[in-house]
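Could you build all of it, start to finish, from the sequences and the hints given here?
If you read the sequences in order, they're chains W and F.
Note that the working numbering has the first sequence beginning at 47, numbered continuously upward.
Note that the working numbering has the second sequence beginning at 47, numbered continuously upward.
It should be emphasised that the hints constitute simulated quantities derived from the structure, not laboratory data.
A quick note: this is a predicted structure, and the numbers were derived from the prediction, not measured.
Among the hints, a few may not be true.
Derived SDA-like pairs (lysine to any residue); straight-line CA-CA distance at most 25 Å [claimed, not checked]:
1. F:LYS242 to W:LYS267
2. F:LYS243 to W:ARG370
3. W:LYS267 to F:ASP365
Here are the computed distance ranges between Cβ atoms for each label pair [said to hold, decoys possible]:
4. W:PRO324 to F:GLN361: 31 to 39 Å
5. F:ARG349 to W:LEU336: 41 to 49 Å
6. W:ASP209 to F:LYS239: 55 to 63 Å
Idealized CB from N, CA, C, for every residue including glycine.
Protein chains: 2
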Amino acid sequence: MVTRGANFKLSDKLREIKPIIWQKDKIAFLDQSKLPWKEEYLVCHNYKEVAEAIRSMKVRGAPAIGVAAALGIALGILKSKKKTTLQLFNELEVMVKVFKETRPTAVNLFWAVDKMKKKGLSFLNFTPKNFKKFLIEEALNIFNEDIETNKKIGKLGIQLIDDNDTVLTHCNTGALATGGYGTALGIIRYAWKKGKKVFVFVTETRPLLQGARLTTWELKKENIPFSLITDNMAGYLMRKKEIKKVLVGADRIAANGDVANKIGTYTLAILAKEHSLPFYIAAPTSSIDLNLDSGEEIPIEERSSVEVTHLAGQQIAPDGIGVRNPSFDVTPHRYISAIITEKGIVYPPFKLNLAKVKNS
Amino acid sequence: MVTRGANFKLSDKLREIKPIIWQKDKIAFLDQSKLPWKEEYLVCHNYKEVAEAIRSMKVRGAPAIGVAAALGIALGILKSKKKTTLQLFNELEVMVKVFKETRPTAVNLFWAVDKMKKKGLSFLNFTPKNFKKFLIEEALNIFNEDIETNKKIGKLGIQLIDDNDTVLTHCNTGALATGGYGTALGIIRYAWKKGKKVFVFVTETRPLLQGARLTTWELKKENIPFSLITDNMAGYLMRKKEIKKVLVGADRIAANGDVANKIGTYTLAILAKEHSLPFYIAAPTSSIDLNLDSGEEIPIEERSSVEVTHLAGQQIAPDGIGVRNPSFDVTPHRYISAIITEKGIVYPPFKLNLAKVKNS
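See the structure below:
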């Protein structure tokens with residue numbers, strides 16, 4: 047049963063944004079569907095609840111759902127009543143399948159659960175107790191490494207941010223979208239902490255308003271100055287020369303450098319090109335999928351029409367109308383200036399350089 | 047006092063959408079801030095109420111606010127207690143000033159009230175009774191001519207719509223945005239009535255959702271098939287070749303063909319160019335402002351931040367944050383394939399051809 051932690055306490059150590067907290071026999075997720083109205087943790091007691099939290103986007107953002115899925119599998123294994131290691135592994139395989147069916151576009155989810163499965167395979171001759179113990183350790187490694195990875199992205203990416211820069215970002219790529227800290231927003235966060243004066247334009251990011259609800263909430267907590275805009279205002283501000291660069295995240299990067307990211311990213315890339323502005327992607331190497339030659343092969347999730355016709359429970363369009371709701375789009379690599387990963391900033395030719403960074 | 051006409055009856059004749067109704071000593075506006083939730087008329091009994099209805103966008107759309115302002119002045123003159131024609135004219139001048147301060151971008155408003163003033167000047171030797179009578183007649187002419195103009199735009203524009211076409215439109219340019227019938231949406235309406243199978247993609251048009259609330263409502267009434275999308279989905283659908291052309295309205299057209307229109311139009315024009323799609327403007331010649339050399343000179347209204355941070359009364363972003371809210375943007379003429387007016391379809395070179403059509 048999912049308990050809603052109205053009285054779930056943040057320790058002093060957790061004053062910084064902690065989107066995901068592993069708590070021995072349960073996982074707490076800062077419920078992103080409730081922000082910024084309520085800062086409330088959703089506590090999951092079994093892996094199915096974690097899968098549902100991913101599906102319903104209570105936890106979202108490519109790196110965050112990778113971490114959540116790995117921890118979800120660890121929780122499932124921990125709670126399993128199976129007696130033998132092989133039975134536990136068979137159950138792990140079921141869980142992997144369940145998580146892979148939650149959301150199709152972000153590759154980090156597949157990367158994380160496949161990593162858990164591979165580890166499980168290598169632990170087959172362990173005792174059931176150790177099988178559980180080491181799988182939990184692996185999930186916590188994935189979690190902690192994600193935060194470290196983000197900090198490395200921040201440190202590397204800062205060289206692309208100038209003093210007095212104005213940066214447009216889309217959706218939410220902050221602490222909430224990751225294990226912590228953030229990718230694109232992590233770079234902005236790091237630049238700000240290092241004393242660079244940076245001003246952020248935040249697109250609200252319809253339909254689910256991750257920009258308006260989550261990115262503004264994170265920036266406000268850090269006192270980083272910003273303006274919220276609707277998605278259709280970016281072109282106007284570029285033409286007025288108020289935006290100097292675009293910096294966004296990624297849900298999946300194909301071998302040729304094409305990038306799937308939140309719907310609207312492709313439009314921002316075209317706008318950046320038209321105004322001769324740099325367009326940067328920030329993502330961990332776990333978002334790179336060398337199995338796909340190009341972005342055309344990335345599956346694009348289409349979600350419920352209700353996300354478009356309703357907003358925070360309020361109906362905003364007539365009943366019974368046709369709606370399209372692709373959650374992501376693909377930006378061809380030719381629009382991308384650079385991809386900032388934890389292992390280095392990747393420039394064109396992406397096909398060559400992404401393979402290098404992925405395999406390094 | 048403004049009375050909200052919950053029991054304002056539509057006559058049988060008014061089954062078609064009537065956004066504005068002149069009723070001898072009052073004006074009824076179909077309250078666009080209430081649609082699609084309620085079909086309710088706002089009844090204005092004096093010119094100040096009409097000005098406020100324009101300011102608060104209960105009546106909106108460039109041609110509609112021109113008509114509303116002309117009728118508002120007629121109502122003000124009708125209700126005036128002044129004894130002499132000169133006193134009436136002086137009061138008319140005050141009203142012209144009030145209306146000119148309601149909204150800055152759409153030129154139709156200025157065109158309509160200047161036309162009323164010019165007529166008033168030519169009626170200075172009339173009796174007060176006739177001064178009133180002929181000014182009301184003039185306002186009703188502006189109203190009726192707007193509907194006729196739109197129908198002409200529809201008839202001319204239909205040649206740009208193919209059978210089985212898919213057209214993207216932005217904001218609302220239908221009956222609601224005009225005296226009746228519509229400009230860009232009028233062309234779609236006319237094409238549909240003439241049996242052309244056309245499918246419409248409707249951008250929701252944040253912040254005030256004229257697409258989601260009003261265009262869907264009009265298309266549904268006409269049974270014209272459509273899909274509603276968020277503003278940031280247009281690029282994705284163009285790349286998928288699901289959109290074949292873009293057709294939007296205008297709030298002001300400069301002498302060189304630059305067009306001010308609802309925020310987001312400029313972005314759609316860039317997207318159309320990038321995907322080699324035609325980008326059409328539909329507007330009456332009253333939207334052409336030959337006094338301005340280029341779009342750079344068109345004043346762009348910035349409205350309240352609440353329009354961005356709230357939606358239908360629901361807060362969607364944290365308190366106390368920075369917001370930008372330009373209501374319009376300017377699309378340079380080089381992105382525009384053609385401008386459809388009631389006097390003909392204008393192609394580049396726009397500077398030459400707009401002057402011709404405006405002065406014809």
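| request: May I ask you to test the hint 55 to 63 Å on the CB atoms belonging to ASP209 (chain W) and LYS239 (chain F)? | output: Holds - the Cβ-Cβ distance for ASP209 (chain W) and LYS239 (chain F), about 59 Å, lies within 55 to 63 Å.
| Hey, LYS242 (chain F) versus LYS267 (chain W), does the alpha-carbon distance stay inside 25 Å? | Violated, at roughly 54 Å.
| Can the restraint linking LYS243 (chain F) and ARG370 (chain W) be considered satisfied, given a maximum Cα separation of 25 Å? | Given pair LYS243 (chain F), ARG370 (chain W) holds - Cα atoms ~20 Å apart, limit 25 Å.
| query | Does the Cβ-Cβ separation between PRO324 (chain W) and GLN361 (chain F) fall within 31 to 39 Å? | reply | holds, 34 Å
| message | Please verify whether LYS267 (chain W) and ASP365 (chain F) have alpha carbons no more than 25 Å apart. | response | Answer holds: LYS267 (chain W) to ASP365 (chain F) is near 12 Å, not above 25 Å.
| task | Note whether the CB distance of ARG349 (chain F) and LEU336 (chain W) lies within 41 to 49 Å or breaks it. | result | 47 Å Cβ-Cβ, so the 41 to 49 Å window holds.
Hint violations for this structure: number 1 only, all remaining hints satisfied.
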